[in-house]
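Letter by letter, the chains look like this.
Protein chains: 2
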Amino acid sequence: MGFKWVAFDVYATLIDREQGATIAFDKIAKRNGIRVDGYILFEEWHNEVIRIYRSNIDFIGWKEAGRVAIGKLFKKFNVEGEIDDIGILYESFKDWRPYDDVKPVLEELKERGYKLAVVTNMDTDLFFKTKIDVDLDLVVTSEMAKAYKPNPKIFEYAIEEMNCDKSELLLAGTSPWADIQGAKISGLKIAWINRKKMRERWMKLNAWDPIPDYEFEDLYGLLKVLHRRVNQQSA
Amino acid sequence: MGFKWVAFDVYATLIDREQGATIAFDKIAKRNGIRVDGYILFEEWHNEVIRIYRSNIDFIGWKEAGRVAIGKLFKKFNVEGEIDDIGILYESFKDWRPYDDVKPVLEELKERGYKLAVVTNMDTDLFFKTKIDVDLDLVVTSEMAKAYKPNPKIFEYAIEEMNCDKSELLLAGTSPWADIQGAKISGLKIAWINRKKMRERWMKLNAWDPIPDYEFEDLYGLLKVLHRRVNQQSA
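Chain order of the listed sequences is A and B. All the letters of the first sequence, read from the start, carry residue numbers 0 to 234 under numbering that gives the first Met the number 0. All the letters of the second sequence, read from the start, carry residue numbers 0 to 234 under numbering that gives the first Met the number 0.
No lab work stands behind these hints, which were simulated from the structure alone. Please note: incorrect hints may appear among the correct ones.
Cut-off 27 Å, straight-line C-alpha distance, at most; resulting in silico cross-link-like pairs (BS3-like, lysine-lysine) [unchecked claim]:
(1) A:Lys152 <-> B:Lys152
(2) A:Lys75 <-> B:Lys71
(3) A:Lys188 <-> B:Lys71
(4) A:Lys188 <-> B:Lys145
(5) B:Lys75 <-> A:Lys203
(6) A:Lys203 <-> B:Lys74
(7) A:Lys152 <-> B:Lys195
(8) B:Lys188 <-> A:Lys152
(9) A:Lys62 <-> B:Lys188
(10) B:Lys102 <-> B:Lys195
(11) A:Lys128 <-> A:Lys75
(12) A:Lys71 <-> B:Lys203
(13) B:Lys203 <-> B:Lys223
(14) A:Lys75 <-> A:Lys62
(15) A:Lys195 <-> B:Lys203
(16) A:Lys203 <-> B:Lys203
(17) A:Lys114 <-> A:Lys130
(18) B:Lys71 <-> A:Lys145
(19) B:Lys145 <-> B:Lys114
(20) B:Lys165 <-> A:Lys152
(21) B:Lys152 <-> A:Lys145
(22) B:Lys152 <-> A:Lys165
(23) B:Lys165 <-> A:Lys203
For clarity, every value in this text was computed on a predicted model and none was experimentally measured.
This is chain A alone, in the form it adopts within the complex (with noise of 0.2 Å):
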């Protein structure tokens, strides 16, 4: 195995979506007369912002297509709610937390030798409000790229930047349509990390999807398969 950079999606694999968007979604309806519970409303609105910015053609930013959707959110709920409410989302972004996977599992990779970055579908100024807590040697988000997973001009964008081969990247990601279809068509192996515990209704693989190459509950499933570099000093 010649990998020598792992790139991580961001949201639900590093980071706890769900506590997030839960309490920011709580506030939301409560604000705007929705009687449903805040994170049951967030996975309805996150459906509409990928929905939307999967059917557009021209690429559109990860904030504006959240717009539209709290938009049809409210329609849909026959509210008249206030648009500029999602903004108590985006700035909920800075109390997101990581999993307790995570500082441990990228220190002992760094500490192995590998090149860590994140792939992420996201605005660059919210994920930069994301506490990660780990150093990373690249970020690549979807408003850097103009694309989002799981278009192969995120990946290749990616790939530009580490200055690597296909082959010595591995995505470790949870999103079976971005992550997993994605690194797929763009010819890179995946690593899913599937967390079972999360309420994610989108977390399933159909009889015709494609099969990760690895599959772990979480990222500690990554130091199985991921050894220490023998050529960590002249990489």
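Once you've looked at the hints, dock chain B against the given chain A.
Chain B in isolation, oriented as in the chain A frame:
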């Protein structure tokens, strides 16, 4: 709308795959002692074929993936099957029939000044066994492009052959993951031919999937949006 080309997915969009495959898989089931409806068996096999070619980083031919898939199917049903019997399906391609709307709609589109293509996730020889009965201006198979939809490589190959701009091509297809998702990450417009009578279980959109630009129950819907081309003489 500046479309000059219409590119069709083939199997399940132009060709009644259900009828053709059921007959062949009824035979394969009988010869190998599997007591399951031919169509159900075909669907299981076909899911596996797709999973194989989507999981492989290197390009693998459709017939080759099909041989691996039939081996897995025999194993699943716990029978000592004859791998070569998958040839019964491949031979049957010559008997698969186009849907009734294919000839009238495609000929009307030619009459209206559009160039017609197919873009299919299929080996070239099997595609050319299939009788479509309409003159096509271009055929693109995954074997030619060395990539399967939804990989943008196959659409880029098609666009190059068409010598046109992306905005001048309308894709018409049935598969959410191959055609709708493939079109969208390739920057193409897509008409979803969602033939309601089909038994396929994979023809569903998730809440986070891209929305097709058009959705029609059959090919006649295309005639509503593809009017006579004004400059067809000079095209």
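Which numbered hints are broken by the structure, listed smallest first?
-> 2, 7, 11, 18 and 23
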